[in-house]
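Chemist: Residue numbers (our numbering), protein chains in the order written: chain G, 1 to 248; chain C, 249 to 474.
No lab work stands behind these hints, which were simulated from the structure alone.
The reader is advised that the hints may include incorrect statements.
Calculated pairs, DSS-like style, for lysine-lysine (alpha carbon to alpha carbon, straight line, at most 30 Å) [to be verified]:
(1) Lys-56(G) - Lys-412(C)
(2) Lys-76(G) - Lys-274(C)
(3) Lys-98(G) - Lys-203(G)
(4) Lys-27(G) - Lys-56(G)
(5) Lys-56(G) - Lys-19(G)
(6) Lys-129(G) - Lys-370(C)
(7) Lys-116(G) - Lys-71(G)
(8) Lys-370(C) - Lys-75(G)
(9) Lys-203(G) - Lys-236(G)
(10) Lys-71(G) - Lys-370(C)
(11) Lys-370(C) - Lys-186(G)
Not the full set, but computed from the structure, chain C residues with beta-carbon under 10 Å of chain G [said to hold, decoys possible]:
(12) Gly-333
(13) Gly-336
(14) Ser-367
(15) Ser-376
(16) His-377
(17) Thr-378
(18) Ile-379
(19) Gly-380
(20) Ser-382
(21) Gln-394
Ideal Cβ placement from N, Cα and C applies to all residues, glycine included.
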Amino acid sequence: MFLTVEGLTKAFGELEVLKDIDLEIEKGNILTIIGPSGSGKTTLLRCLNVLEMPNKGKFAFHDGVQVDFGKEPSKKEVTSLRRRSGMVFQSYNLFPHKTALENVTEGPLIVQKRPKSEVLALAENLLDKVGLADKMNLYPHQLSGGQQQRVGIARALAIEPELMLFDEPTSALDPELVGEVLKVIKDLANEGWTMVIVTHELKFAEQVSNQVIFMDEGQIVEQGPPEAVLKSPKEKRTQQFLERILNP
Amino acid sequence: MTITADMGGWELFKNSLWPMIQGGIKYTIPLTLISFTLGLALALLLAIMRLSNRKYFTIPARMLVSAVRGTPLLVQLSIVFFGLGSIGLTIDPFPSAIIAFTLNVGAYASEIIRASILSIPKGQWEASHTIGMSYWQALRRIVLPQASRVSIPPLSNTFISLVKDTSLASLILVTELFRKAQEIAARTYDFMLLYLEAALLYWIICFVLSIIQDRIERRLERHISN
Numbered sequence: 001m002f003l004t005v006e007g008l009t010k011a012f013g014e015l016e017v018l019k020d021i022d023l024e025i026e027k028g029n030i031l032t033i034i035g036p037s038g039s040g041k042t043t044l045l046r047c048l049n050v051l052e053m054p055n056k057g058k059f060a061f062h063d064g065v066q067v068d069f070g071k072e073p074s075k076k077e078v079t080s081l082r083r084r085s086g087m088v089f090q091s092y093n094l095f096p097h098k099t100a101l102e103n104v105t106e107g108p109l110i111v112q113k114r115p116k117s118e119v120l121a122l123a124e125n126l127l128d129k130v131g132l133a134d135k136m137n138l139y140p141h142q143l144s145g146g147q148q149q150r151v152g153i154a155r156a157l158a159i160e161p162e163l164m165l166f167d168e169p170t171s172a173l174d175p176e177l178v179g180e181v182l183k184v185i186k187d188l189a190n191e192g193w194t195m196v197i198v199t200h201e202l203k204f205a206e207q208v209s210n211q212v213i214f215m216d217e218g219q220i221v222e223q224g225p226p227e228a229v230l231k232s233p234k235e236k237r238t239q240q241f242l243e244r245i246l247n248p
Numbered sequence: 249m250t251i252t253a254d255m256g257g258w259e260l261f262k263n264s265l266w267p268m269i270q271g272g273i274k275y276t277i278p279l280t281l282i283s284f285t286l287g288l289a290l291a292l293l294l295a296i297m298r299l300s301n302r303k304y305f306t307i308p309a310r311m312l313v314s315a316v317r318g319t320p321l322l323v324q325l326s327i328v329f330f331g332l333g334s335i336g337l338t339i340d341p342f343p344s345a346i347i348a349f350t351l352n353v354g355a356y357a358s359e360i361i362r363a364s365i366l367s368i369p370k371g372q373w374e375a376s377h378t379i380g381m382s383y384w385q386a387l388r389r390i391v392l393p394q395a396s397r398v399s400i401p402p403l404s405n406t407f408i409s410l411v412k413d414t415s416l417a418s419l420i421l422v423t424e425l426f427r428k429a430q431e432i433a434a435r436t437y438d439f440m441l442l443y444l445e446a447a448l449l450y451w452i453i454c455f456v457l458s459i460i461q462d463r464i465e466r467r468l469e470r471h472i473s474n
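Could you build the full structure based on these sequences and the hints that come with them?
Modeler: Structural data, given as C-alpha cells:
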C-alpha cells in the first residue's frame, strides 16, 4: 500500500466538509474521485498535500512514515509531506512572471537546490514530454489554456514526487483543449505513476483509472473498479449522480 | 551671479534660476531619493508585519501607520527637528527631514504594498507551497515580484507627492529649492515671480518623473497574467 488514510476529518468552521474518510492508495494505482460540487472531493485532494490542514486523521506511507493530525504537524513535517506529491490545479496557477521553463525549474533549482545543468536538462525533458519543447521560453499569457495546464503538469513532475494529484485539471479548459491534457495524464498512467485525480470527465475516469471513488456530502459513498462504480453502481446516490451527468 | 532688489523681472528670473536648481540638486532630489528608498524598506517591513497573524507584529505596525497617517507632516517634521532639539537630542536639519519623510513614506507605502500583496491570487501561494517553497521563498520569488507590478502606479504617486512635500523641509532650515526661493524673495520682495518660478521647477521635475513612471508601467505590463 502506498498510502493509507484513516479517519480524515476536515471542517471549515461549523461546516464539516470531510467526515471520517478512510482511503487506501496502492502504488501505481490511479484513483479518480467523482461527485457533485460541494461533496468534499477537492478538499480531500488538498488535504493529501496539506494545502488544507486536516482536523483529524492519520496518514501512513509505504516507507513507514506516519503523520497524525490529532496535533498540528510541524513545518518540517508539512514540508516533507508536500515533497511527496505534485499538484496540478484547476486554474493552472502558473507563475505569470516566469517563462514556461522557469516555472518548471523553480522547484528543483530554488527549493531543492539541485545543480543548474541537471535541472535544465530535466525541465527540457519534461516540457518535451508534455509536447511543449518549442514553447519553453514563452510566458504563461502567451500560451493557450491547454498548454498552460501542461506546463503545470511538468512543473509538478519536476520536483520528482511519488504521487501526482490533479484537481479538476480540465474543468477550466475550452472543450477542444481537454484532449491534449488528458492525453498527457494518460501517458503518465502508462508510465506507472501513482495518481489521484478529481474529475468530471467520466469517460476519462473509466479509461484511465483502476479505482473510482464517488463522494457525496463529505463521505465516500461508493468505491471500486471503474466498470463497477460507473456502469453498475450499487448506491442510489451514485446512480442519481451518474444519471444527472449522463442525461442532463 | 548677483541678485539685487532693483533687477528687472526677466533678469531676476534668470539669475535666481541657478540657485534654485542648486537647491534642488543638493537637497530636494537627494532628500526625495534617500527618504523614498528608506521609506520603501520600512514600508515592506510594516506590510509584512501587518500580514502576520501574530499580534505582537500587527499591533505595533498598525499603531505606527495610524499615528503617521493621522498627524500632519509639518507637525512630524517639527517634532523631529525642534521637539527633539529642545530636549537635548539635536539632529541636523537634513537628517531630521530624512527621518520624518522616511516615516511618512513608510506608513503610506506600507498600505499600498500590503494591498498589492493581498491582491495576488491565493493560488500563487499554493502553487509555491506545492513545489516545496517556504513562506519567505514564496513571498520573495513569486508574490513580491507580481505585487510590485501592482504597486508601481500608486507608489509612483507617493514618490511624486514626496518630491513636492520636501518643500516643507524649508521650514526646518533645509536649503532646498523652495527655501532658496524664499531667501531670494525676502531680499527682492518679488514673491509672485519667485514662487511661480519655484512652482515651475517642481512642475518640471514631476513632469519628467511621470514620463518615467509611464515607461516603467508599460515595461512591467508585458508579462502580467490575465
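Chemist: Look at each hint and say if it fits the structure.
Modeler: Comparing the hints with the structure gives:
no.: 1; hint: Lys-56(G) - Lys-412(C); verdict: violated, 58 Å
no.: 2; hint: Lys-76(G) - Lys-274(C); verdict: violated, 52 Å
no.: 3; hint: Lys-98(G) - Lys-203(G); verdict: violated, 34 Å
no.: 4; hint: Lys-27(G) - Lys-56(G); verdict: holds, 24 Å
no.: 5; hint: Lys-56(G) - Lys-19(G); verdict: holds, 10 Å
no.: 6; hint: Lys-129(G) - Lys-370(C); verdict: holds, 29 Å
no.: 7; hint: Lys-116(G) - Lys-71(G); verdict: violated, 38 Å
no.: 8; hint: Lys-370(C) - Lys-75(G); verdict: holds, 19 Å
no.: 9; hint: Lys-203(G) - Lys-236(G); verdict: holds, 20 Å
no.: 10; hint: Lys-71(G) - Lys-370(C); verdict: holds, 25 Å
no.: 11; hint: Lys-370(C) - Lys-186(G); verdict: holds, 29 Å
no.: 12; hint: Gly-333; verdict: violated, 47 Å
no.: 13; hint: Gly-336; verdict: violated, 47 Å
no.: 14; hint: Ser-367; verdict: violated, 13 Å
no.: 15; hint: Ser-376; verdict: holds, 8 Å
no.: 16; hint: His-377; verdict: holds, 6 Å
no.: 17; hint: Thr-378; verdict: holds, 4 Å
no.: 18; hint: Ile-379; verdict: holds, 3 Å
no.: 19; hint: Gly-380; verdict: holds, 4 Å
no.: 20; hint: Ser-382; verdict: holds, 8 Å
no.: 21; hint: Gln-394; verdict: holds, 6 Å
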